[in-house]
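Asker: Order-wise, the sequence lines are chains A and B. Okay, so the first sequence: first residue is 0 according to numbering that gives the first Met the number 0, each after it adds one. Okay, so the second sequence: first residue is 0 according to numbering that gives the first Met the number 0, each after it adds one.
Accuracy of the hints is not assured; some may be wrong.
No more than 20 Å apart at the CA atoms, straight line, and that leaves these computed lysine to aspartate or glutamate pairs for EDC-like [to be verified]: (1) B:Lys16 - A:Glu1; (2) B:Lys40 - A:Asp24; (3) A:Lys289 - A:Glu235; (4) A:Lys97 - B:Glu7; (5) A:Lys283 - A:Glu273; (6) A:Lys116 - B:Asp24.
In short, the hints are calculated from the structure, not lab data. Bear in mind that the values here come from a model prediction, so they are computed numbers and not experimental data.
There are 2 protein chains.
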Amino acid sequence: MELSGFGEIELIKKISKNLRLFSKDVVKGIGDDAAVLKFDKKHYLLLTTDTLVEDDHFNLKWFTPEQIGSKAIESNVSDIASMGGFPKYALISLTMPKNTNTNFVDKLYNGINKNCKKYKINIIGGNLSNGKNIVINVMLIGFVEKKNLCLRSNAKINDLILVTGNLGASRAGLQLLKNNKKGNSINYYLNPKCKLNIGRKLSNFVNAMEDVSDGLASEVLNICNESKTGAVIYKEKIPLNKNTINDAKKLKKDPYDYALFGGEDFELIFTIPEKRLNKIKGIKCIVVGKILPKKQGIYLFDKRKKKLSYGYDQFKSEI
Amino acid sequence: MELSGFGEIELIKKISKNLRLFSKDVVKGIGDDAAVLKFDKKHYLLLTTDTLVEDDHFNLKWFTPEQIGSKAIESNVSDIASMGGFPKYALISLTMPKNTNTNFVDKLYNGINKNCKKYKINIIGGNLSNGKNIVINVMLIGFVEKKNLCLRSNAKINDLILVTGNLGASRAGLQLLKNNKKGNSINYYLNPKCKLNIGRKLSNFVNAMEDVSDGLASEVLNICNESKTGAVIYKEKIPLNKNTINDAKKLKKDPYDYALFGGEDFELIFTIPEKRLNKIKGIKCIVVGKILPKKQGIYLFDKRKKKLSYGYDQFKSEI
Chain A
0 MELSGFGEIE LIKKISKNLR LFSKDVVKGI GDDAAVLKFD KKHYLLLTTD TLVEDDHFNL
60 KWFTPEQIGS KAIESNVSDI ASMGGFPKYA LISLTMPKNT NTNFVDKLYN GINKNCKKYK
120 INIIGGNLSN GKNIVINVML IGFVEKKNLC LRSNAKINDL ILVTGNLGAS RAGLQLLKNN
180 KKGNSINYYL NPKCKLNIGR KLSNFVNAME DVSDGLASEV LNICNESKTG AVIYKEKIPL
240 NKNTINDAKK LKKDPYDYAL FGGEDFELIF TIPEKRLNKI KGIKCIVVGK ILPKKQGIYL
300 FDKRKKKLSY GYDQFKSEI
Chain B
0 MELSGFGEIE LIKKISKNLR LFSKDVVKGI GDDAAVLKFD KKHYLLLTTD TLVEDDHFNL
60 KWFTPEQIGS KAIESNVSDI ASMGGFPKYA LISLTMPKNT NTNFVDKLYN GINKNCKKYK
120 INIIGGNLSN GKNIVINVML IGFVEKKNLC LRSNAKINDL ILVTGNLGAS RAGLQLLKNN
180 KKGNSINYYL NPKCKLNIGR KLSNFVNAME DVSDGLASEV LNICNESKTG AVIYKEKIPL
240 NKNTINDAKK LKKDPYDYAL FGGEDFELIF TIPEKRLNKI KGIKCIVVGK ILPKKQGIYL
300 FDKRKKKLSY GYDQFKSEI
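Start from the sequences, fold in the hints, and give me the full structure.
Answerer: Printed below as a string of structure tokens:
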């Protein structure tokens, strides 16, 4: 069977099934935003990797090279933020055609370096290869205080589910570009910003946390599957900004679909017991649902119950 | 200017020039086979990444998926071995077209898993992406005892230069395949084996060490540039196996060129003071040259002196 019929989620399951761990120092392997290894008395080591592929994650018609470089760093930092940690080192692997102009590489690295400086990330290595299209692979290494580690598997029944900001803007922007339309959402797609500082603050108080890289629906399903719980999301509570609503209108689409099944918003989603909400009252975040016992299922409440399905899939979805 | 006119070495210099390190925990950043970070009292942490790109590093006509998976692990373990260390964790990022068959992924992972089991490497994460051609990026994390770290920059004047085995076989095999010829060298290209155990033993006694991934000439230049020394390589001392000599004859080429300017042999090259040679007498290795003061230059001795130039370049070379 081809990957387009099989899908990313099934492929990850298939691959994971045959993997064997040889070390007790692995706190968490595959199945979260970053791998977690024992490090010292106070800290865990976090390792994550993310790839941007030309014509899939970015398009040279729409992005400047600086924007591609910046986005490559933001998307990886977001994975470290969602564990409650902070980034420290990066390895950058570039695959590029031989006819790539060195100016492109300069500008790409301007974007990479600008964001590495912002987050104080040390670029300590990488790789250069020749290939048909541009592939940027970032490997990011970070740390988290042991007590602050936020695993997907840590959601508890009756936890509230919150997000740190508006969702769906990035996907609305992408759809505008694909349909040759204009609108403010485009900026969210081209210039995403991750929520590292907010993740650091939240990590002291929350249970499960994740970044919204594949749409709210996928992230809720990930948390529930890892935590062995159910959940309800209240559609009307999902925060959307005005641009997303306006731009979805131009595209004759439901903006909530962008929020649920889009991706690359890089907001954080987390679960927290209601009685602990007062601890995070200075931080902007919005309740969108609740963790339920597993037997109650994972669903969206929109006047009536509706089963949640996964959002963006690398191999199945058309973007 | 296009990368094909600029070349890999210049591009790495250009990129490195603008990088800034923010942490004192970086023992060695860009410029060796792996990055070196402080870890605990006895160990450094090693991080390396290597990419195999379809139609550049492998070709589906020649390689089975298992062989591609195995080679991806061997080439990365070789980089850890050359630092004197041992591998422990891996993150695997795959970029594949949507029409890739899931059987291909299964078989690729059979190769990856077989070699990870051999080296007791824990696969702790990775990434899946959709792209035009297959790109396999492996990020490998290992450790080395502080006293055993072997940096390229550690060669001393009058050190002997040795290699752990025959060179040029892999490139001879690639050239046979490209020219539709048969010969035993093909096996070295398709099924390379790195020298982890020998690297571990050598690391107790040697100064600089590196793996021969881009040809002997490039590796000697790397060691000399990092150590700020010169060197002489005696062409007649470079070890070649009979297959390489025979297969080069079929191709009407000089087998020494494959050794010097080929690559992917994954033997180790190292430098050691002559008086310490007795410490490694149980290990098969061959003296090929000597480290000289910088002002004497870096050259190949073949009846007369000849300036050494770099070998395989991702962007400039045709393979």
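Asker: Against each hint, give a clear statement of whether it holds in the structure.
Answerer: Tested hints:
1. B:Lys16 - A:Glu1: Violated - the C-alpha atoms of A:Glu1 and B:Lys16 are around 44 Å apart, more than 20 Å.
2. B:Lys40 - A:Asp24: Holds. B:Lys40 to A:Asp24 sits at ~17 Å (cutoff 20 Å).
3. A:Lys289 - A:Glu235: Holds - the C-alpha atoms of A:Glu235 and A:Lys289 are around 14 Å apart, at most 20 Å.
4. A:Lys97 - B:Glu7: Distance of about 10 Å is within 20 Å: holds.
5. A:Lys283 - A:Glu273: Cα-Cα ~16 Å, so holds.
6. A:Lys116 - B:Asp24: Given pair A:Lys116, B:Asp24 holds - Cα atoms ~17 Å apart, limit 20 Å.
Hint 1 alone, counting from the list given before, is not met by this structure.
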